[in-house]
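*Asks:* So you can see what is in the structure, the chains are spelled out below.
2 protein chains.
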Amino acid sequence: MLSLLMEGSCGKDGSTLHGCSIPLKNQSLGRWGSGGAPLIRAPEAAGTAGTGSRMCSTPSMGHRLNRVAVMGGTHGNELSGVYLVKHWLQDPSELQRRTFTATPFLANPKATKRCVRYISQDLNRSFTKAFLLSKGTKDDLYEVSRAQEINQLFGPRGSADAVDFIFDLHNTTSNMAACLISDSEKNVFTMHMCHYIQKHTQTPCPIYLYGLPGQENYSLMSVAKNSLGLELGPQPHGVLRADVSAHMRALLACGLDFIDLFNQGTSFPAFDMVAYKLIESVHFPRSPEGELLGIVHPQLQDKDFLPLKPGEPIFQLFSGEEIFYEGDVPIYPAFINEAAYYEKGVAFLKLEKSTFSIPPLEAPAASAP
Amino acid sequence: MLSLLMEGSCGKDGSTLHGCSIPLKNQSLGRWGSGGAPLIRAPEAAGTAGTGSRMCSTPSMGHRLNRVAVMGGTHGNELSGVYLVKHWLQDPSELQRRTFTATPFLANPKATKRCVRYISQDLNRSFTKAFLLSKGTKDDLYEVSRAQEINQLFGPRGSADAVDFIFDLHNTTSNMAACLISDSEKNVFTMHMCHYIQKHTQTPCPIYLYGLPGQENYSLMSVAKNSLGLELGPQPHGVLRADVSAHMRALLACGLDFIDLFNQGTSFPAFDMVAYKLIESVHFPRSPEGELLGIVHPQLQDKDFLPLKPGEPIFQLFSGEEIFYEGDVPIYPAFINEAAYYEKGVAFLKLEKSTFSIPPLEAPAASAP
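Top line first, the protein sequences correspond to chains Z and Y. Each residue of the first sequence is one higher than the last, beginning at 2 in the numbering used here. Each residue of the second sequence is one higher than the last, beginning at 2 in the numbering used here.
Chain Z on its own, in the form it takes in the complex:
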């Protein structure tokens, strides 16, 4: 699962990052590797590794996407992405399209090896400016070093050198179906991709927008010019289910197809889209000592993306008592009872459901294939 409350991100100002008319540089795949020894540049050479690319503020017709990465194992115990990426590192044919080949990358190999979410801290919270620019040694927190490596390989974030697109593959223990994750509906390219995926798959693919105003983005995906998180569940962490992996594979294939169509000169019309925006996280009831006093109510369990109405139960205490939702309007919970959120005491996220009008996506400017 993605980290909590990730937000900010290049593009919050309304730009379509993909659409920035920045010349693509350093497009050699060799530069950003495929899970082998990373080519690290000193932070000084990283350019703007900060909170977002304000230079991307003018929406414009985009260019072809040549450099696409598929990340697995950002959390080392979310096994669908881990094993799909390991497979693609051996046989990347599934990632080839007419106009590009995506590069698989194992984001957190140490955590993957130990089958844990992270070693020292959540990698998917380690892409803040402070972490990316910190100068340390190998004894530093592993994920800080790894975030810097990834930022050099696939970014630097907010720069012209950043890769065109990152898919980040996650699993959740929550009943989230095939959730598509972006920071904002203002990422027009990603929204069109979501729309394309929704139209071309059989199962529900709710769109979750995690951006909150005024917060810096600390996610791995923020390194790229544009990105999409695929969050599939329920699947226990440390387990690999065939159905979930097949689903993830199909969604990713659909996303790659979309990029390929775009690269080949397809334009996509405007549309209206339902999506779910983060409001805040809701914590478990706890004792003053921090002990859980209750659990997610059975009536709420597994009801991700369904309306929770005022007066409906949200927690069941061990004592038998119930706690009810006291808001004034329905909200839409997600990441209900996600294992990785227990350490933060979070029981679920409150989302609001909205309809957004997404402008058309024009075909990219002609360029050499």
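Read the hints as simulated data drawn from the structure, not as lab findings. Just so you know, not all the hints are guaranteed correct.
The list makes no distinction among identical chains, and a pair is therefore deemed to hold if it is satisfied within one copy or across any two copies.
[What the hints assert, rightly or not] Taking lysine-lysine and the DSS-like style, the derived pairs with C-alpha atoms no more than 25 Å apart in a straight line are:
(1) Lys200 with Lys87
(2) Lys354 with Lys310
(3) Lys345 with Lys87
(4) Lys114 with Lys345
(5) Lys111 with Lys345
(6) Lys130 with Lys345
(7) Lys278 with Lys345
(8) Lys304 with Lys345
(9) Lys87 with Lys136
(10) Lys130 with Lys87
Given chain Z, work out where chain Y should sit, using these hints.
*Replies:* Chain Y only, in chain Z's frame:
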């Protein structure tokens, strides 16, 4: 989930351990505590801490069960038992019956605190004679010390001082429903309890018998004169589902009721019982380097305790190939795709389904309440 391939155990010779006519000693609950600082006796004073109580070899009418323990957190990330035991340590009223009160106990508090299965090694494999008699320091493996503490508090294993009954509460990521676990159908008292639970609950409660000939029992449950494991799933490790906890609570209540009825002088007639016996574990296909080459086939996933027939698929390789079950007769898989078994490379356990004739359980000898 219980450890793999646990077997052996006091009682394998056909005795009903509960039925041993050993005078009950040291019945003060204070002696074996309730999760607080344990009262440790030196190993030298432990008596027979070995592989089983051969002195229990003569089936005889049993005595009342006065000392009953309920273990949670034997694996620290199996949260139903962890949080039920924590609740009962605050309010044990649910564990009271007319003839006894069961004692809740958090078996592996360090692993529980970190929400991991174990710290150094699986506690539920640490009750071998070698571990129980090893003389070490506090720097030894945590679970070895803890097994010795538990053996002193609730055993010593195979001795007259051992508690009458242990319930051990587990979760699995597999679709095991409410599995009842014992080492052998020869544990007549436990088989009657299973039968009682099956008759008094609405959902399937398959009985899994884990004993294999000639192997020493290394499970926590083996400390008691008799025992039952409750293995509920599917539930991701590190997650607490209300439905699973409620189910576990109901099964345990039923088991406690059974002991209470027995203690009050109830006898139980003979019956025939279907149960599933362990044959062996089946490993994932792996590369010479140990990497997974495939996953549990979607047609097998979630089919715990259902027949797997010759020629049916068991694995799906990442390459797309399928691997089929090549046995001659149907087997009954269980613990299919259990998270905790990945570290051992085990994909599922092969069980055989059998019908056993269980002799009557006579009412206990009269004794002071």
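*Asks:* Determine for every hint whether it applies to the structure shown.
*Replies:* Each hint, compared with the structure:
no.: 1; hint: Lys200 with Lys87; result: neither (29 Å within a copy, 48 Å between copies)
no.: 2; hint: Lys354 with Lys310; result: within (13 Å within a copy, 47 Å between copies)
no.: 3; hint: Lys345 with Lys87; result: between (30 Å within a copy, 20 Å between copies)
no.: 4; hint: Lys114 with Lys345; result: both (24 Å within a copy, 14 Å between copies)
no.: 5; hint: Lys111 with Lys345; result: both (22 Å within a copy, 19 Å between copies)
no.: 6; hint: Lys130 with Lys345; result: within (23 Å within a copy, 40 Å between copies)
no.: 7; hint: Lys278 with Lys345; result: within (20 Å within a copy, 41 Å between copies)
no.: 8; hint: Lys304 with Lys345; result: within (21 Å within a copy, 34 Å between copies)
no.: 9; hint: Lys87 with Lys136; result: neither (31 Å within a copy, 44 Å between copies)
no.: 10; hint: Lys130 with Lys87; result: neither (30 Å within a copy, 42 Å between copies)
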